[in-house]
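Protein chains in written order, with UniProt numbering: chain X, 1 to 141; chain G, 1 to 81.
Treat each hint with caution, since some may be false.
As the list claims (entries may be wrong) - Just the calculated beta-carbon pair ranges, DEER-fashion:
# : chain 1 : residue 1 : chain 2 : residue 2 : range
1 : X       : R137      : G       : R11       : 51 to 61 Å
2 : G       : E9        : X       : A47       : 40 to 50 Å
3 : X       : G33       : G       : L10       : 44 to 54 Å
4 : G       : Y31       : X       : E76       : 16 to 26 Å
5 : X       : K109      : G       : S33       : 45 to 55 Å
6 : X       : K109      : G       : A81       : 41 to 51 Å
7 : X       : V20       : G       : N13       : 20 to 30 Å
8 : G       : T2        : X       : L83       : 38 to 48 Å
9 : G       : R32       : X       : A47       : 12 to 22 Å
Hint data in this document are derived by calculation from the structure and do not stem from the laboratory. Don't be surprised by glycine CBs; every beta carbon is placed ideally from N, CA and C.
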Amino acid sequence: MASYTIDSSVFISAFNQQDVFHKQTKEFFDCLGKMDFEIILPISVIAEVGNILIKNRKIKDTLIFLDYFYEFTVIEFNYEFLLSAFPVFRKFKLKTGDILAASTAYLYKAVLISWDKQLLKQSKKLVASFTPDEFCRQSFS
Amino acid sequence: MTKTITVKELRENFPLVRKQIKQGVNFIIIYRSRPIGELSPIKEIKTGLKKKSLDVFLNPPKNILFKSKNSAIKLVRNERA
Numbered sequence: 001m002a003s004y005t006i007d008s009s010v011f012i013s014a015f016n017q018q019d020v021f022h023k024q025t026k027e028f029f030d031c032l033g034k035m036d037f038e039i040i041l042p043i044s045v046i047a048e049v050g051n052i053l054i055k056n057r058k059i060k061d062t063l064i065f066l067d068y069f070y071e072f073t074v075i076e077f078n079y080e081f082l083l084s085a086f087p088v089f090r091k092f093k094l095k096t097g098d099i100l101a102a103s104t105a106y107l108y109k110a111v112l113i114s115w116d117k118q119l120l121k122q123s124k125k126l127v128a129s130f131t132p133d134e135f136c137r138q139s140f141s
Numbered sequence: 001m002t003k004t005i006t007v008k009e010l011r012e013n014f015p016l017v018r019k020q021i022k023q024g025v026n027f028i029i030i031y032r033s034r035p036i037g038e039l040s041p042i043k044e045i046k047t048g049l050k051k052k053s054l055d056v057f058l059n060p061p062k063n064i065l066f067k068s069k070n071s072a073i074k075l076v077r078n079e080r081a
C-alpha cells in the first residue's frame with residue numbers, strides 16, 4: 001500500500017471553488033479513491049488549512065473539517081519527530097511550512113502531492129513528488 | 001489517529017473506546033506507566049473510512065466551500081511567507 005503526504009494547497013484547492021485547479025483537484029481525489037492508499041499528514045497541514053478556512057468561513061463550519069482530517073494518519077511534532085527531522089531539514093532548502101511537509105513525506109517514505117511547484121522543485125531532490133494531475137496521469141497511464 | 005489509554009480507563013470507558021475504534025482511532029494501552037499493547041480497527045474498516053473521507057474532498061459540503069480569487073498556492077504561500 002502506497003503512502004501519500006498531501007500538501008495544504010491541494011486541500012485548499014478542493015475547498016476554493018474559484019481556484020484554477022479546483023476541477024483537477026476533484027479528479028485527483030477521484031483517482032486516489034480508486035487505489036489502495038494511506039494518507040500521512042503533518043499536523044502543520046491541518047493547521048494551515050484550518051487557518052485559511054477560518055478566514056473564509058464561519059468557525060463552527062470550519063470545525064467540521066477537523067474530523068475529516070483525523071481519519072488519516074496525522075503526524076504530530078513531538079521530540080521524537082524533531083530528532084529525526086532536524087537532520088532531514090538540512091537536506092532541503094525550504095521554509096518551515098514547506099519543510100514540515102517534505103520531511104514528513106521523506107521520513108514516512110510517502111509520495112508528496114502539491115500544487116506548489118516551488119515546493120516540488122526542492123522536494124523532488126529527495127522525495128517522489130508530483131502535482132495532483134501528474135500523479136493521476138502516471139497512475140493510470 | 002493514535003491515542004494512549006490506561007487499563008483502568010479502558011475498563012471504565014469501553015463503550016466509548018469501542019465507538020472510537022469503529023471510527024478508525026488506534027489506542028496504545030498503558031499498564032503501570034508502560035505501553036503493553038495496541039487496539040486498532042480491522043483493516044477493512046480503516047480502508048473504508050479513508051475512502052469515505054476522500055469523498056468529502058471530492059464533494060465538499062457547501063458550508064465548507066468558499067470563493068477566493070487568490071489561488072490555493074497563493075493562499076498557502078501567504079501562510080508560509
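Hints versus structure:
1. In this structure the hint that X/R137 and G/R11 lie 51 to 61 Å apart at CB holds, the actual value being about 52 Å.
2. The hint said 40 to 50 Å for the Cβ distance between G/E9 and X/A47, and at roughly 28 Å that hint is violated.
3. As the Cβ distance of X/G33 to G/L10 is approximately 34 Å, the hint placing it in 44 to 54 Å is violated.
4. Distance hint for G/Y31 and X/E76: a CB-CB separation of about 23 Å, consistent with the stated range 16 to 26 Å.
5. For the pair X/K109 and G/S33, the supplied restraint of 45 to 55 Å is violated, since their beta-carbon distance comes to about 32 Å.
6. In this structure the hint that X/K109 and G/A81 lie 41 to 51 Å apart at CB is violated, the actual value being about 30 Å.
7. For the pair X/V20 and G/N13, the beta carbons lie near 47 Å from each other, so the given range of 20 to 30 Å is not met.
8. Checking the proposed 38 to 48 Å range against G/T2 and X/L83 shows it is violated: the Cβ atoms sit about 18 Å from each other.
9. The hint said 12 to 22 Å for the Cβ distance between G/R32 and X/A47, and at roughly 35 Å that hint is violated.
When held up to the earlier numbered hints, the structure conflicts with 2, 3, 5, 6, 7, 8 and 9 and fits the remainder.
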